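Chemist: In case you want the letters, here they are:
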Amino acid sequence: MSKVIKVNNTSSERNSASISGINEFVVKFANINGTGSASANNMFAKAVFRMGLPISPKNIFPSNIQGLPTWYEVRVSEKGYLARRDGIDIMVAMNPQSLAGDVASVLPGGYLLYDSTKTIDLRLVRNDITYIGLPLTDICRREYKDARQRQLFKNIIYVGALAALLDIDFTVLTGLVSDQFKGKEKLIAPNIHALELGYQYANKNFSCPLSIRIEKRDLVGDKILIDGNSASGLGAVYGGATVVGWYPITPSTSVIEAFEKYAKRLRIDPGTGAINYATVQAEDEIAAIGIVIGGAWNGARSFTATSGPGVSLMGEFLGLAYFAEIPVVLVDVQRAGPSTGMPTRTQQSDITAAAYSSHGDTKHVLLFPSTPKECFDMTADAFDLAERLQTPVMVMSDLDLGMNDHMSEPFEWDDDRAYDRGKVLSAEQLDELSANGKKFGRYLDVDNDGICYRTFPGAHPDKGSFFTRGSSRDPYAVYTEDGAEYVANMERLIRKFETAKEYVPKPEQKLAGKRASKRGVIYYGTSAAATEEAIDLLKEKGINLDGLRVRAFPFNKDVEDFIEKHDTVFVVEQNRDAQLRSMLINELEVSPKQLPKVLNYDGSPITAACICENILEQLTEKEAC
Amino acid sequence: MTYQKPNFRHPLAPTNNLGLSRREYEGALSTLCAGCGHDSISNAIITACFENSIEPHKVAKLSGIGCSSKTPTYFLGNSHGFNTVHGRMPSVTTGANMANRDLTYIGVSGDGDSASIGLGQFAHVVRRNLNMLYIVENNGCYGLTKGQNSATTDLGSISKSGNANKFSPIDLCNLSMQLGATFVARSFSGDKDQLVPLIKAAMSHRGFAFIDVISPCVTFNNNPGSKKSYDFVREHQEATSNIDFVPMQQEITTQYDAGTTQEVTLHDGSVIHLHKPIDGFDIHNPRTAMRAMKDHQERDEILTGLLYVDTDPVDLHDVINTNSKPLNSLTKEELCPGNKTLQSINESLR
Chain A
17 MSKVIKVNNT SSERNSASIS GINEFVVKFA NINGTGSASA NNMFAKAVFR
67 MGLPISPKNI FPSNIQGLPT WYEVRVSEKG YLARRDGIDI MVAMNPQSLA
117 GDVASVLPGG YLLYDSTKTI DLRLVRNDIT YIGLPLTDIC RREYKDARQR
167 QLFKNIIYVG ALAALLDIDF TVLTGLVSDQ FKGKEKLIAP NIHALELGYQ
217 YANKNFSCPL SIRIEKRDLV GDKILIDGNS ASGLGAVYGG ATVVGWYPIT
267 PSTSVIEAFE KYAKRLRIDP GTGAINYATV QAEDEIAAIG IVIGGAWNGA
317 RSFTATSGPG VSLMGEFLGL AYFAEIPVVL VDVQRAGPST GMPTRTQQSD
367 ITAAAYSSHG DTKHVLLFPS TPKECFDMTA DAFDLAERLQ TPVMVMSDLD
417 LGMNDHMSEP FEWDDDRAYD RGKVLSAEQL DELSANGKKF GRYLDVDNDG
467 ICYRTFPGAH PDKGSFFTRG SSRDPYAVYT EDGAEYVANM ERLIRKFETA
517 KEYVPKPEQK LAGKRASKRG VIYYGTSAAA TEEAIDLLKE KGINLDGLRV
567 RAFPFNKDVE DFIEKHDTVF VVEQNRDAQL RSMLINELEV SPKQLPKVLN
617 YDGSPITAAC ICENILEQLT EKEAC
Chain B
119 MTYQKPNFRH PLAPTNNLGL SRREYEGALS TLCAGCGHDS ISNAIITACF
169 ENSIEPHKVA KLSGIGCSSK TPTYFLGNSH GFNTVHGRMP SVTTGANMAN
219 RDLTYIGVSG DGDSASIGLG QFAHVVRRNL NMLYIVENNG CYGLTKGQNS
269 ATTDLGSISK SGNANKFSPI DLCNLSMQLG ATFVARSFSG DKDQLVPLIK
319 AAMSHRGFAF IDVISPCVTF NNNPGSKKSY DFVREHQEAT SNIDFVPMQQ
369 EITTQYDAGT TQEVTLHDGS VIHLHKPIDG FDIHNPRTAM RAMKDHQERD
419 EILTGLLYVD TDPVDLHDVI NTNSKPLNSL TKEELCPGNK TLQSINESLR
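Protein sequence lines correspond, in order, to chains A and B. Count the first sequence with our numbering and you get residues 17 to 641, in order. Count the second sequence with our numbering and you get residues 119 to 468, in order.
Errors might be hidden in some of the hints.
Here chain A is said to cover these stretches of chain B; the calculated rule only asks that three of the stretch's residues, wherever they fall, bring their Cβ under 8 Å from a Cβ of chain A [claimed, not checked]: (1) 165-177; (2) 190-201; (3) 211-222; (4) 231-242; (5) 427-441; (6) 455-461.
Derived DSS-like pairs: lysine-lysine, alpha-carbon spacing no greater than 25 Å straight-line [what the hints assert, rightly or not]: (7) A:LYS280 - B:LYS176; (8) B:LYS458 - A:LYS479; (9) B:LYS176 - A:LYS277; (10) A:LYS454 - B:LYS458; (11) B:LYS264 - A:LYS280; (12) A:LYS439 - B:LYS450; (13) B:LYS458 - A:LYS198; (14) B:LYS458 - A:LYS277; (15) B:LYS450 - A:LYS277; (16) B:LYS443 - A:LYS439; (17) A:LYS280 - A:LYS198; (18) A:LYS479 - B:LYS443; (19) A:LYS455 - B:LYS458.
Bear in mind the hints are in silico, worked out from the structure with no lab data behind them. Only a predicted model underlies this, so the values are computations on that prediction, with no experimental measurement involved. Cβ atoms here follow ideal geometry from the backbone N, Cα and C, with glycine treated the same way.
Required output: the full structure, derived from the provided sequences and hints.
Modeler: Here it is as structure tokens:
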């Protein structure tokens with residue numbers, strides 16, 4: 017007889033000691049892409065969230081539309097740790113193709129849910145985990161005639177079963193279904209029925225709940241659950257973007273889709289029904305950034321979203337925008353590179369490519385969001401920053417942040433906030449200027465901050481027009497190849513970059529104790545959650561690390577001071593070459609020895625365990641020396 | 119070439135409907151080679167804008183890279199200009215036009231800029247029917263890098279170094295018609311009687327207006343054997359018809375013989391007169407134009423003039439239904455949905 021058991025009593029019949037855990041565990045769903053599992057899995061995650069618990073779901077998916085394995089991982093953490101965590105407590109194994117690996121990845125004492133319509137392969141039976149068989153195919157065959165329905169509802173049924181096994185309030189699920197199908201009420205009853213099928217089956221056949229389970233808490237407050245790309249798209253609507261040039265590329269496409277979704281609703285001219293924005297799907301990323309540059313030159317807030325390969329293609333144009341001083345906004349949702357790399361896996365590996373994109377001496381302003389709230393804020397702020405500085409500003413998101421739901425602070429908007437259009441001269445100001453006997457010079461550094469005044473085409477009948485070019489010019493925008501003029505202009509541009517340090521967001525400090533530690537750690541973007549968890553874990557081992565979350569490039573004074581105050585500063589990044597670290601070394605003239613690197617670049621979001629292990633190893637090595 | 123622009127202007131120089139003299143439409147002194155066809159095109163643009171009484175500051179002029187793309191500095195000094203990157207003027211103009219639909223957009227490009235590095239952008243700006251005048255100053259060679267063949271160099275055309283071109287040329291007029299351009303013309307920089315009315319008509323066209331202007335390169339492609347030399351084009355040019363443009367505001371005074379003249383009324387009410395058209399030519403049918411161009415090409419002749427016009431085009435703004443108010447003039451109140459809406463979005467995410 018097979019060792020596979022139907023768990024009638026989880027405490028007595030399990031094969032070894034089960035993990036027990038209340039509100040601290042990881043559930044992983046193994047599915048086949050294209051089978052409709054995503055919305056069911058989302059429903060599960062959101063149900064836990066509505067039970068008042070912090071969660072962090074992650075999609076792990078191939079660059080494929082149908083038929084290949086895909087996973088969805090949900091970490092539940094009442095301590096509030098939102099980074100990915102290795103080790104699976106409960107595996108919902110719905111894909112025979114990946115079953116062997118899925119079984120192997122369950123922690124000893126964990127659980128595996130599977131479709132028991134077919135007997136499980138004996139070779140895949142482990143003694144140290146508990147198997148929970150749900151006859152999903154049988155139930156669906158009995159309940160549904162339509163093949164597509166049989167497939168879709170299978171997912172909903174296992175969510176129902178999980179609710180019973182993990183003690184999720186069933187009314188939370190029914191509430192979710194009602195919200196999800198608002199406007200499509202016909203779908204509510206069948207979905208609730210499917211949930212009930214799973215819920216009742218589990219309750220009848222197993223002793224619910226399991227040793228791992230949910231207990232209702234009140235730990236999420238007014239927080240929201242949203243992906244970074246939707247937040248960026250919404251931020252662009254609030255930031256006043258009107259011209260969008262784009263080209264589809266994973267994982268950035270949904271930034272533009274979200275912008276359009278919200279703009280279609282929120283940016284309609286009430287009188288005519290016409291739209292107050294223009295999105296142009298371009299022929300490639302080169303044209304996409306060209307459109308953005310044209311729009312921004314002509315006085316419209318303009319942006320694009322892309323990923324690494326797109327940033328590479330945009331290189332020449334980014335140099336033009338830097339030199340011609342055009343305020344473009346670019347959201348870079350990074351993925352694993354180089355070349356096509358792993359298009360559906362995450363990395364922070366466009367940092368140097370973005371910071372120094374293009375030929376000649378170029379430097380660009382970068383922002384590093386860590387949460388959807390920051391995706392929203394930084395995208396909206398990027399328009400102010402770009403117009404104030406008259407230069408490209410790039411929001412450096414990544415696949416993990418952009419395409420996964422994250423628990424986030426809610427969005428807020430100050431209705432009194434005006435858009436900062438920067439130094440733009442109106443017709444009246446141009447007249448005033450000439451009345452005072454002064455001549456308008458597009459590249460004249462009047463305020464000595466490196467930022468000059470610009471005018472928009474059509475502003476004035478006979479004043480303020482100038483010729484924009486990527487080649488050298490004098491302060492009055494007249495073409496010149498004079499070396500001294502060129503150098504003066506390049507020096508002014510670096511003066512402007514210095515000014516930028518005052519305007520970009522400051523880093524966030526997290527001190528380990530009241531007194532500054534000798535050791536610190538610098539991190540940014542999606543490495544934040546894991547690093548901050550690692551700081552706590554290391555503290556438990558008696559290692560105090562002060563944390564600094566860098567939020568922008570150029571690095572402002574606070575970053576410099578932090579490094580100066582610590583003997584050793586680890587730099588955590590999700591790329592091979594420690595790109596931000598290179599920039600810290602170059603820009604702040606820090607000794608490389610002072611900045612040991614902590615890297616993870618396998619395409620999966622970095623974990624606290626990985627950071628801890630790495631730091632501990634480096635500290636031991638140091639002591640051994 | 120001249121090194122200084124004379125300040126003297128005749129005090130009684132004629133003015134247009136706006137009270138501006140032609141001088142107000144001029145630009146900086148050209149730095150191109152003496153006798154360059156491109157300078158004649160700049161002059162034709164100046165004349166067309168002056169005679170059409172276009173407000174100079176309501177024009178935005180954009181270009182790519184190359185000799186042709188230097189020229190926007192040499193006309194309309196009171197207009198904003200943008201010398202972008204090689205082959206990418208169409209995308210920048212698309213963005214600019216999306217930002218402010220009230221300006222007139224003149225894009226100047228060359229055969230290298232449009233038929234080689236920028237062929238993709240050219241094709242897609244045609245598809246979008248962006249409301250602009252797109253001029254290719256076509257000299258069949260790369261002037262600024264000293265005379266290499268371009269993608270529009272005719273088969274068998276002999277370059278200055280004595281080599282015959284072995285690759286078949288791209289005919290941008292033909293291509294643009296295949297892609298759905300709504301106004302297509304070809305002209306010759308040495309024929310201002312034809313070029314000026316074509317530019318005027320193109321600027322009145324509400325949609326993508328394309329003019330391929332053969333513009334001999336006096337330095338690198340004006341030798342015997344070249345098919346884009348002044349002599350060759352003069353000897354081998356045939357016009358689809360003679361053309362005369364009457365802007366909307368102006369009364370039609372000239373009389374034409376009945377039967378030999380066709381009137382084409384554009385979207386804004388202005389009228390193009392086409393007289394003495396060649397046999398069987400239908401200005402509203404791109405297929406006749408494409409066939410006629412091919413026939414001429416086979417006879418080593420160049421068909422010039424207005425080739426095709428759609429008098430009721432649907433431009434990109436119409437297609438996507440953007441506000442008639444320029445997007446760059448919308449206020450924060452019109453653009454920002456406000457905190458109350460944001461709070462209801464938050465609520466939907468819990």
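Chemist: Which earlier hints turn out false for this structure, listed by number in ascending order?
Modeler: Failing hints, ascending: 7, 8, 9, 10, 11 and 19.
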